[in-house]
Amino acid sequence: MLHFSLMSVPPVQILAVIDTSQIARREKLTGIFAAANARKWTVKPVTKSISEAEIKELFKSRRPRGVIIDGFEPPVKLPRRFLKGVATVMLDGPSTRRHNLAAVNHDNSATASFAASVLAKLRGESFAIVLPEKNNYYARTRAEAFSRTIAELTGKTAVKLTADQRLGEKLRRLPRPTALLAATDAIGQQVIEAAAASGIAVP
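Sequential numbering of the sequence shown, starting at 21, is according to our numbering.
FYI, nobody ran anything at the bench for these hints, they're computed from the structure.
Note that CB positions come from ideal geometry on N, CA and C, so glycine has one too.
Among these hints, one or two may not hold up.
To be verified - Here are the simulated BS3-like cross-link-like pairs (lysine-lysine), alpha carbons at most 27 angstroms apart as the crow flies:
| # | residue 1 | residue 2 |
| --- | --- | --- |
| 1 | K180 | K154 |
| 2 | K154 | K68 |
| 3 | K60 | K48 |
| 4 | K154 | K141 |
| 5 | K141 | K176 |
| 6 | K97 | K141 |
| 7 | K64 | K104 |
| 8 | K48 | K64 |
| 9 | K104 | K154 |
| 10 | K154 | K48 |
| 11 | K64 | K154 |
| 12 | K76 | K64 |
| 13 | K97 | K190 |
| 14 | K64 | K80 |
| 15 | K60 | K80 |
| 16 | K97 | K48 |
| 17 | K80 | K97 |
As the list claims (entries may be wrong) - Per label pair, the in silico range of CB-to-CB distance:
| # | residue 1 | residue 2 | range |
| --- | --- | --- | --- |
| 18 | R46 | I212 | 19 to 25 angstroms |
| 19 | T50 | R186 | 36 to 42 angstroms |
| 20 | T50 | D127 | 28 to 34 angstroms |
| 21 | I212 | S137 | 19 to 25 angstroms |
| 22 | D205 | R100 | 17 to 23 angstroms |
| 23 | P197 | I70 | 23 to 29 angstroms |
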């Protein structure tokens, strides 16, 4: 009589390096968990900054087969030597040419063009996009697509503003009503606060 012993196979370990301070990023993590659960993988979230010694211990104990990194503002920068031989995917990060890693990105041009097409229907006196103080690839892409689509649909030039200390003053100068796109959720909140402080109504 033959006896077979079935050895349990440890689940695939995935590290998800992602800041969860914003709802959009928490939703990314929820999606990662859903995909991993469907495959019976185990996900270890890394949501805050940790030391290099802690990173080393994490890779030693978990031996991850894959790492998913929120490429825009990850809570910790993993030294490249830890990623050697580990499948790594950047979410919404800079170009793959810069990092030589797989990347899954929003279509920033399509997002901004869609926003412009919606705002163009409001027949505003002026159009604007508010960008971060520290410009980056996704903000530039959104600004270019937004400006191009507004020009095509309305014949007007979209004003580019920076979300800095003078934002309220800049908003006051715009002919109203103004149809405006904030480059990020956080900038959207800045716009609302600056408008309120400047006595500008926001529908």
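Could you say whether the range 23 to 29 angstroms given as a hint is met by the Cβ separation of P197 and I70? Since P197 and I70 have Cβ atoms about 47 angstroms apart, the given range 23 to 29 angstroms is violated.
Please verify whether K64 and K104 have alpha carbons no more than 27 angstroms apart. The hint holds at about 19 angstroms.
CA of K97 to CA of K190, is that 27 angstroms or under? violated (35 angstroms)
For the pair supplied as a hint, K60 and K48, confirm whether the alpha-carbon distance does not exceed 27 angstroms. holds (18 angstroms)
Is the straight-line distance between the alpha-carbon of K60 and that of K80 27 angstroms or less? With Cα atoms ~21 angstroms apart, K60 and K80 stay inside 27 angstroms; holds.
Satisfaction of hint between K154 and K64, Cα-Cα up to 27 angstroms: Outside the cut-off at roughly 31 angstroms; violated.
CA of K141 to CA of K176, is that 27 angstroms or under? holds (13 angstroms)
Given the hinted pair K97 and K141, is their Cα-Cα distance within 27 angstroms? Violated, because 43 angstroms separates the two Cα atoms, which is more than 27 angstroms.
For the pair supplied as a hint, K104 and K154, confirm whether the alpha-carbon distance does not exceed 27 angstroms. Given that 27 angstroms is the threshold and the Cα spacing comes to 31 angstroms, the pair is violated.
Satisfaction of the hinted span 19 to 25 angstroms by the C-beta atoms belonging to R46 and I212: holds (21 angstroms)
Need the status of pair K64, K80: alpha-carbon distance at most 27 angstroms? holds (13 angstroms)
Between the alpha carbons of K180 and K154, is the straight-line distance 27 angstroms or under? At roughly 14 angstroms apart (the allowed maximum being 27 angstroms), K154 and K180 satisfy the hint.
Violation of the numbered hints given earlier is confined to hints 4, 6, 9, 11, 13, 20, 22 and 23; the remaining hints are satisfied by the structure.
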